[in-house]
Amino acid sequence: MNPLTKTLAAVAAWTVLAIAALVFGLCTLSAPAFANPVEDRSIRPFKVQVPQVALDDLRRRIAETRWPDRETVGDQSQGIQLAKIRPLVEYWGTAYDWRRAEAKLNSLPQFMTTIDGVDIYFIHVRSKHSHALPLIMTHGWPGSVLELLKTVGPLTDPTAHGGSPEDAFDLVLPSLPGFGFSGKPTETGWGTDRIARAWAELMKRLGYTEYVAQGGDWGSPVSNAMGRLAPAGLLGIHVNLPAVVPPEIAAVLATGGPVPAGLTGKERTAFDALSMAAKMGNRSYATMMGTRPQTIGYAINNSPAGLAAWMLGHPGFSGWTYDDSDPEKSPDEVLDDITLYWLTNTATSSGRIYWEYGGGRSPVFADPEKTNEVSLPVAITVFPGEGYQAPETWARRAYPNLIYFHEVDKGGHFAAWEQPELFSAELRAAFRSLRQRN
Amino acid sequence: MDTTRTSETIDQDRRRLLGTAAVGIAAAGAASLLPSQKAAASTSDGIRPFTVSFPQEELTELRRRIVATRWPERELVSDEASRRIWSTPATVGPTQGVQLATMQKLMKYWGTEYDWSKCEARLKALPNFVTEIDGLDIHFIHVKSKHQGALPVIITHGWPGSVIELLKIIDPLTNPTAHGGAEADAFDVVIPSMPGYGFSGKPTETGWDPARIARAWIVLMKRLGYDRYVAQGGDWGALITEQMALIAPPELAAIHTNMPGTIPPEIVKALASGGPPPADLGPDEKRAYEQVAFFYKNGLGYANEMALRPQTLYGIVDSPAGLAAWILDHDADSCALIARSFDGEPEGLTRDDILDNITFYWLTNTAISSARLYWEHSQTAKAGFFDAKGITIPVGATANPSEIYTAPKSWTERAFPKLLHYGRTDKGCHFAAWEQPKIFTDEVRATFKTLQT
Chain U
1 MNPLTKTLAA VAAWTVLAIA ALVFGLCTLS APAFANPVED RSIRPFKVQV PQVALDDLRR
61 RIAETRWPDR ETVGDQSQGI QLAKIRPLVE YWGTAYDWRR AEAKLNSLPQ FMTTIDGVDI
121 YFIHVRSKHS HALPLIMTHG WPGSVLELLK TVGPLTDPTA HGGSPEDAFD LVLPSLPGFG
181 FSGKPTETGW GTDRIARAWA ELMKRLGYTE YVAQGGDWGS PVSNAMGRLA PAGLLGIHVN
241 LPAVVPPEIA AVLATGGPVP AGLTGKERTA FDALSMAAKM GNRSYATMMG TRPQTIGYAI
301 NNSPAGLAAW MLGHPGFSGW TYDDSDPEKS PDEVLDDITL YWLTNTATSS GRIYWEYGGG
361 RSPVFADPEK TNEVSLPVAI TVFPGEGYQA PETWARRAYP NLIYFHEVDK GGHFAAWEQP
421 ELFSAELRAA FRSLRQRN
Chain P
1 MDTTRTSETI DQDRRRLLGT AAVGIAAAGA ASLLPSQKAA ASTSDGIRPF TVSFPQEELT
61 ELRRRIVATR WPERELVSDE ASRRIWSTPA TVGPTQGVQL ATMQKLMKYW GTEYDWSKCE
121 ARLKALPNFV TEIDGLDIHF IHVKSKHQGA LPVIITHGWP GSVIELLKII DPLTNPTAHG
181 GAEADAFDVV IPSMPGYGFS GKPTETGWDP ARIARAWIVL MKRLGYDRYV AQGGDWGALI
241 TEQMALIAPP ELAAIHTNMP GTIPPEIVKA LASGGPPPAD LGPDEKRAYE QVAFFYKNGL
301 GYANEMALRP QTLYGIVDSP AGLAAWILDH DADSCALIAR SFDGEPEGLT RDDILDNITF
361 YWLTNTAISS ARLYWEHSQT AKAGFFDAKG ITIPVGATAN PSEIYTAPKS WTERAFPKLL
421 HYGRTDKGCH FAAWEQPKIF TDEVRATFKT LQT
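Read top to bottom, the protein sequences are chains U and P. Residue 321 in our numbering sits at position 321 of the first sequence, with consecutive numbering throughout. Residue 142 in our numbering sits at position 142 of the second sequence, with consecutive numbering throughout.
Some hints here could point you the wrong way.
[Unchecked claim] Not everything, but these chain P residues come out facing chain U in the computed CB check (under 7 Å):
| hint | residue |
| --- | --- |
| 1 | Val67 |
| 2 | Thr69 |
| 3 | Glu120 |
| 4 | Asn298 |
| 5 | Leu308 |
| 6 | Gln311 |
| 7 | Tyr314 |
| 8 | Gly322 |
| 9 | Ile368 |
Since the hints were made in silico from the structure, they are not lab data. Quick caveat, the model's predicted, so the values are computed rather than measured. Glycine included, each C-beta is placed from N, C-alpha and C at the ideal position.
Working from the sequences, and respecting the hints, build out all of it.
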């Protein structure tokens, strides 16, 4: 399907209108312009064209930032340090150029389609290789499709990235409801199950009869939910934030009890990491959004510095420097992502996924994630910089049909963003056996 | 840090911002602000008069920011029901936080009709002082009664309160004969701003936990020459007052708290397990258990964030709407009370009351410095907010029906072996002195009656 030229003008016009509307304080980005009594199942091309006035407004707000005094400690224990955030925000308001991110997005085929009443934005890149395996990959919070872009080349064009034609994927990268250019739900109920159903519909709408799913962060519980749902055509899932923590460990972590007896070395390491994260309060942001997304929303929707700090408060960013010493973690990398949240005015709507999940719970626990109901093949890659390293023993207990488990030596919470080549190699290996079945 | 140095620091900061940002008046708003402190020459005991004054351009800048608010879309739930009634855990429906409709009414009023100068005039009319204690400037209001033998009381505010939540009770306590009391009900009132709050200095080092603040208050009362006094507090003020009682300096005769820590150890344990209330609880105990369990499960997000990552809340320093919402969402009942006030049904708190306090936080740029008290507490706390702490000096306790939890008499008697008074009021939420000043005054008088000479 390639209806790209047909509706381009109309879509571009909508984009401009929607973004202009939010700049002027209206709050309807859910694009009701296309809402019909009967759901429009069409797939409409989409281009990002942020009006200059929105970028000027952002710069003006950044220049006017009112800062607090510095933290009273010499480390990150009170949150994002003033000396770390302030230069980043000042760069954001001066030399940073959103248009580069926009060009990056617009170099890829982007689409919009309405599913279950909400406009779903997605990037869709088909491989030139025949028999490419369709893959739907889901981002998390505070991520976006931007965190996945560096894998597009390796996954869809493997021969240019050290792979063979048999490694090729057709790639579908949707924005979660309430995130990026997707619409914002106007009713409750858009939890991971409903998102999973929407993704299954999306893949069906794209004509895919066999495909796989992948996710990290929120993409993991969404992929787990797809695994439980087992829609026709879904062959298996790969997750890099697996839900393997057993119930008896979860119970100890909940009450801050002593280390359970009989843990293997790796189980003990995982327990210690989870226990330390709980003690350090690494999930306070999740508790806030899980209980009062609207309340924090007013501040981070209205203050660029507030939004940047809130997003960078995610522990996945704690090791990032935002300087140019590591191009994978440059200021532009994170600012593209933060700017996307700002321009789409999705600070509040994206936080609601935590509320839907309930109270800021972590999605790493096997029981609430009902991993025992995932009968489809499951593949897991453990990245060393993730919040915890899932032990294989727990993974085998949690997922009854674990077909692949691999620990790699590089990469963190944002694995696809930080280590795109390695991440892509993992997906090739993880899904190889499912292709061979065909 | 003395006043002069503070002013110099601020000026440098402001000059630097003006130099780099080049956005004129907006940059002035970007600077961290302390009011101009026209401190007189220090007296020998280090207590300096303090004049309240805010530059007009800060208020102009605040209005500009209010008008420029960029809003999120509305919440996805309808928690209308919770604002109509005095809520209990059973009646609170799902909430996603402060409703957009409430926030838009608040911001509209704040940006147009609201007049800060009235509040500023009230503050100015009071005797304000600053004194340096333990390396930090402490601001306090000090009103002496005209009556001989008035009992000195130090009253401590909380978060998201300030000295503003205590202004309504100054006259009833210091001038009882004009407020239905007798001369014997008179108090000399000392109302300090906690470190990092209002006009007090902002600590630049860690360690200002409730116990250290309690020690500073003891120094303050000594410096004021009081050799026999009482202490009172709600919210953080309750914790600090309890800390003073635990230190128990000989001059502290008794305390009164309107957020008493009474939860017995076995109940603390049961709450931590997340289970249902133990079977042997009486009706008041069961309700208290459910209130606390509900708060711990659903209502602690803001406290958790401030205890763990106060500095990450840059948005509440930079955004008036963000600050207002953050302050409103303290506890379900007070938030509902405030929402009703903006719906045109004010009960104990008027729109001006609420905005006086929020504006005070804004103008003093204390959103994050105040939040650090949660962080400090989390570093050293040995017990939860509402837990019994082993106080042995005389205590009066007031249990308000719409407090985060209504302390049952049984637990209160157990927590405070020398209980002077237990008052179960029929009205009042978390901000007792602010919302129900008459009931509050009666409770304070009833508690300390036997101590007054």
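_glutamine 311 of chain P as chain U interface residue, shortest Cβ-Cβ below 7 Å_ = Holds. Min distance 3 Å.
*Minimum beta-carbon distance criterion (7 Å), glycine 322 of chain P to chain U*: Nearest chain U Cβ about 2 Å off; hint holds.
*Using Cβ atoms only, decide whether tyrosine 314 of chain P comes closer than 7 Å to chain U, and label the hint accordingly.*
4 Å, holds
*Minimum beta-carbon distance criterion (7 Å), threonine 69 of chain P to chain U*: This hint holds: threonine 69 of chain P lies near chain U, its Cβ roughly 6 Å from the closest one there, short of 7 Å.
*Close enough to count: is the Cβ of valine 67 of chain P nearer than 7 Å to one in chain U?*
10 Å, violated
*Hint check: is the beta carbon of leucine 308 of chain P less than 7 Å from a beta carbon of chain U?*
Holds - the Cβ of leucine 308 of chain P comes within 7 Å of chain U, reaching about 3 Å at its closest.
*Holds or violated: isoleucine 368 of chain P as interface residue toward chain U, Cβ cutoff 7 Å?*
4 Å, holds
*asked:* Using the nearest Cβ pair, does asparagine 298 of chain P come within less than 7 Å of chain U?
replied: Since the shortest Cβ distance to chain U is 6 Å, the answer is holds.
*Going by Cβ atoms only, is glutamate 120 of chain P closer than 7 Å to chain U?*
20 Å, violated
Checked against the numbered hints given earlier, this structure breaks hints 1, 3; the rest are met.
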